[in-house]
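Sequences listed follow chains A and B, in order. Its first residue numbered 19, the first sequence is counted upward by one per residue in our numbering. Its first residue numbered 153, the second sequence is counted upward by one per residue in our numbering.
There's no promise every hint is true.
Claimed, not checked - Interface residues of chain B toward chain A, partial, derived using beta-carbon atoms under 10 Å:
id, residue
1, 185
2, 187
3, 197
4, 204
5, 208
6, 211
7, 215
8, 216
9, 244
10, 249
11, 256
12, 257
13, 258
Because the hints were derived from the structure by calculation, they are not lab data. Built from N, CA and C at the ideal position, the CB exists for glycine as well.
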Amino acid sequence: GENVEQHPSTLSVQEGDSAVIKCTYSDSASNYFPWYKQELGKGPQLIIDIRSNVGEKKDQRIAVTLNKTAKHFSLHITETQPEDSAVYFCAASETSYDKVIFGPGTSLSVIP
Amino acid sequence: DAEITQSPRHKITETGRQVTLACHQTWNHNNMFWYRQDLGHGLRLIHYSYGVHDTNKGEVSDGYSVSRSNTEDLPLTLESAASSQTSVYFCASRGQGSNSPLHFGNGTRLTVT
Numbered sequence: 019g020e021n022v023e024q025h026p027s028t029l030s031v032q033e034g035d036s037a038v039i040k041c042t043y044s045d046s047a048s049n050y051f052p053w054y055k056q057e058l059g060k061g062p063q064l065i066i067d068i069r070s071n072v073g074e075k076k077d078q079r080i081a082v083t084l085n086k087t088a089k090h091f092s093l094h095i096t097e098t099q100p101e102d103s104a105v106y107f108c109a110a111s112e113t114s115y116d117k118v119i120f121g122p123g124t125s126l127s128v129i130p
Numbered sequence: 153d154a155e156i157t158q159s160p161r162h163k164i165t166e167t168g169r170q171v172t173l174a175c176h177q178t179w180n181h182n183n184m185f186w187y188r189q190d191l192g193h194g195l196r197l198i199h200y201s202y203g204v205h206d207t208n209k210g211e212v213s214d215g216y217s218v219s220r221s222n223t224e225d226l227p228l229t230l231e232s233a234a235s236s237q238t239s240v241y242f243c244a245s246r247g248q249g250s251n252s253p254l255h256f257g258n259g260t261r262l263t264v265t
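Next up, chain A with everything else stripped away, as it sits in the complex:
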């Protein structure tokens, strides 16, 4: 089955700096790669996703890149703000409605 790895497990950045989280996946059948943000005491929420036919996607301060050959994908947050502090999960799925396998998460702290 699919296995998703994620690094780093914790990340501290100064407000205004960029943050990068990297993931790898094992199953070449995976074609859908969502990213979720989890705030304390809540369930994860989708922040951005990318499909295998796209190499990069941006949404304001957030961007994701995908290298399907290397089975790598990354989340980039620019101009970080204190409200970006949360746990971020990368994930992989064969389709956009199939079961989703998550990475172990990255705890991001943005220091004011």
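Based on these hints, arrange chain B on the given structure of chain A.
Chain B alone, transformed into the frame defined by chain A:
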């Protein structure tokens, strides 16, 4: 507004007892999922369902069962609770469309003593 609710939010039970966690969604989604969240492991898939009377095992299904008698509900049962099942449990649902994200509940924190 459509939502997904889990109950109870917190539960303490003893080893060996049967426990059922409830999950109810008003999105009318066919696909529903149960995950457990543990430090260092992220979210691990326990069971999932693609529709009424359909159930499938996930990564960590041993000791758990689910049943799907209607679209809205997917209860998770721990047949004989063990201390290793102390965790935070999340239910999620998603539609069939290509742009349908997973919608999560707010979780149930289960402690097995």
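Verification of the hints:
About 6 Å separates the beta-carbon of residue 185/B from the nearest beta-carbon of chain A, less than 10 Å, and the hint is met. Annotation: interface hint on residue 187/B holds; nearest CB of chain A at approximately 7 Å, less than 10 Å. Because the smallest distance between the Cβ of residue 197/B and any Cβ of chain A comes to about 6 Å, under 10 Å, the interface hint for this residue holds. With its C-beta approaching chain A no nearer than about 16 Å, residue 204/B sits outside the 10 Å limit, and its interface hint is violated.
A least Cβ separation of about 8 Å between residue 208/B and chain A falls short of the 10 Å threshold, and the interface hint therefore holds. At its closest, the beta carbon of residue 211/B sits 7 Å from a beta carbon of chain A; the interface hint therefore holds under the 10 Å criterion. Residue-level restraint check for residue 215/B is violated (minimum Cβ-Cβ distance to chain A is 19 Å; threshold 10 Å). Hint on residue 216/B is violated. Least Cβ distance to chain A is approximately 15 Å, over the 10 Å limit.
Checking residue 244/B against chain A: minimum C-beta separation of about 7 Å stays under 10 Å; hint holds. Hint status for residue 249/B: holds, given a least beta-carbon distance of 7 Å to chain A, under 10 Å. Of the supplied interface hints, the one on residue 256/B holds, with its beta-carbon coming within about 3 Å of a beta-carbon of chain A, less than 10 Å. This hint holds: residue 257/B has a C-beta 6 Å from the nearest C-beta of chain A, less than the 10 Å allowed.
For residue 258/B, the interface hint holds, since its Cβ comes within 10 Å of a Cβ in chain A; the closest pair sits about 5 Å apart.
Of the numbered hints given earlier, the model fails hints 4, 7, 8; all others are met.
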